[in-house]
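Build the full structure now, drawing on both the sequences and the hints.
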Amino acid sequence: MLRLKLRLYRALSRLAGLPMVFVIRALFALARWLGPVRAAAAGAAIARAIGPRLPSHRTALKNLRQSFPGKGEAEIAAIALGSWDNLGRTGAEYAHLAEIFDYDPAAAEAGRIEVEGIEHFFGLRDDGKPGLIFSAHLGNWELPAICAARFGLEASAVFRPPNSPAAAQLVQEVRRATMGGLTAAGPGAAFKMQGVVERGGHLGMLVDQHFTRGVVVDFLGQPALVNPLLAKLARHYDCPVHGVRVIRLPGDRFRLELTPGLDLPRDAGGAVDVQGAMQAMTDVIAGWVREHPEQWLWMHRRWRPAMLPKSVSRAPAVPASS
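Under the working numbering, the first residue of the sequence shown is numbered 122, with each subsequent residue one higher.
These are computed hints drawn from the structure, not numbers from a lab.
Heads up, the beta-carbon is just placed ideally off N, CA and C, and yes, glycines get one too.
Don't take each hint at face value.
[Unchecked claim] Quick list of in silico lysine-lysine cross-link-like pairs, BS3-like style, CA-CA up to 30 Å:
{"no.": "1", "residue 1": "K353", "residue 2": "K250"}
{"no.": "2", "residue 1": "K183", "residue 2": "K431"}
{"no.": "3", "residue 1": "K431", "residue 2": "K353"}
[Said to hold, decoys possible] Here are the computed distance ranges between Cβ atoms for each label pair:
{"no.": "4", "residue 1": "L175", "residue 2": "E412", "range": "43 to 51 Å"}
{"no.": "5", "residue 1": "A392", "residue 2": "D223", "range": "27 to 35 Å"}
{"no.": "6", "residue 1": "A150", "residue 2": "D339", "range": "40 to 48 Å"}
In structure tokens, the structure reads:
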């Protein structure tokens with residue numbers, strides 16, 4: 122009986138989601154018709170109009186106030202609105218990812234994309250070793266995976282599917298058409314990711330979201346939980362770890378920046394220290410966020426004090442105000 126109920130629930134859920142499939146695909150088709158520039162502008166306008174009315178906007182304001190206590194309410198509100206703007210643009214740009222990424226190092230004129238640290242990219246690609254790449258929800262965070270696929274870096278990107286099944290299906294279709302290997306976060310994902318590194322490949326992962334079973338790090342002056350998988354892989358395989366970010370520039374352009382390999386902290390035995398390594402990656406991301414706060418995803422619950430270990434102080438720290 123329980124199995125029958127489960128099957129009925131799944132069938133009804135799929136039927137209920139059918140209208141949303143048509144809505145999302147219609148919006149995707151509209152974005153394609155508008156072109157990358159107009160679609161991004163439309164997505165930004167919609168997000169700026171609707172976002173501040175959603176409950177997640179209160180989360181964004183709370184996160185900003187605790188991260189930048191020196192900023193006034195007007196500046197906090199402007200950053201939150203900019204975050205919605207960036208999210209709307211990123212969503213609309215899904216319809217044009219292949220077109221947007223036009224980077225050509227041999228081109229006489231710059232296109233929409235510029236890349237800083239391309240020598241580190243080519244070093245990762247050609248050294249014959251596995252490698253790890255961490256990133257954050259900044260700018261259009263999908264572009265680094267496209268860069269890897271275009272320039273022959275054997276890489277697998279870890280992604281979290283959207284909560285909406287209709288959106289998840291469409292996003293996965295776009296990603297598979299433009300990117301290299303993909304690994305969905307969830308049960309069994311850790312073994313797949315380890316397999317990528319064992320085969321000498323490269324693993325890219327966004328590490329700026331809450332992870333319940335994670336290690337504690339300081340992020341913008343507050344304790345937070347982060348997924349330790351990249352640090353554990355770095356410890357086990359002793360492979361290089363780089364960071365990559367995307368900065369949204371004026372004129373519908375982007376800059377991809379790949380850092381040199383991080384000098385990760387090690388324990389007395391010379392092995393990578395997992396908590397220290399995740400703190401080092403988090404410090405890089407915190408610097409990125411401070412530099413372009415309006416391009417980060419402030420509306421998700423990054424800090425969850427109630428889930429921290431009892432040994433960790435929940436008292437608010439005082440982070441830098443800029």
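So, going through the hints one by one against the coordinates:
1. With a C-alpha separation of about 17 Å, the suggested pair K353 and K250 falls inside the 30 Å cut-off, and the hint holds.
2. This hinted pair checks out: K183 and K431 have alpha carbons roughly 23 Å apart, not beyond 30 Å.
3. For the given pair, K431 sits about 23 Å from K353 by alpha-carbon distance, which is consistent with the 30 Å threshold.
4. At about 26 Å, the CB distance of L175 to E412 disagrees with the hint of 43 to 51 Å.
5. Evaluation of the 27 to 35 Å hint for A392 and D223 yields a failure: the beta carbon distance comes to about 42 Å.
6. Taking 40 to 48 Å as the suggested C-beta distance range, the pair A150 and D339 conforms, at roughly 44 Å.
The structure is inconsistent with the numbered hints 4, 5, although it conforms to all the rest.
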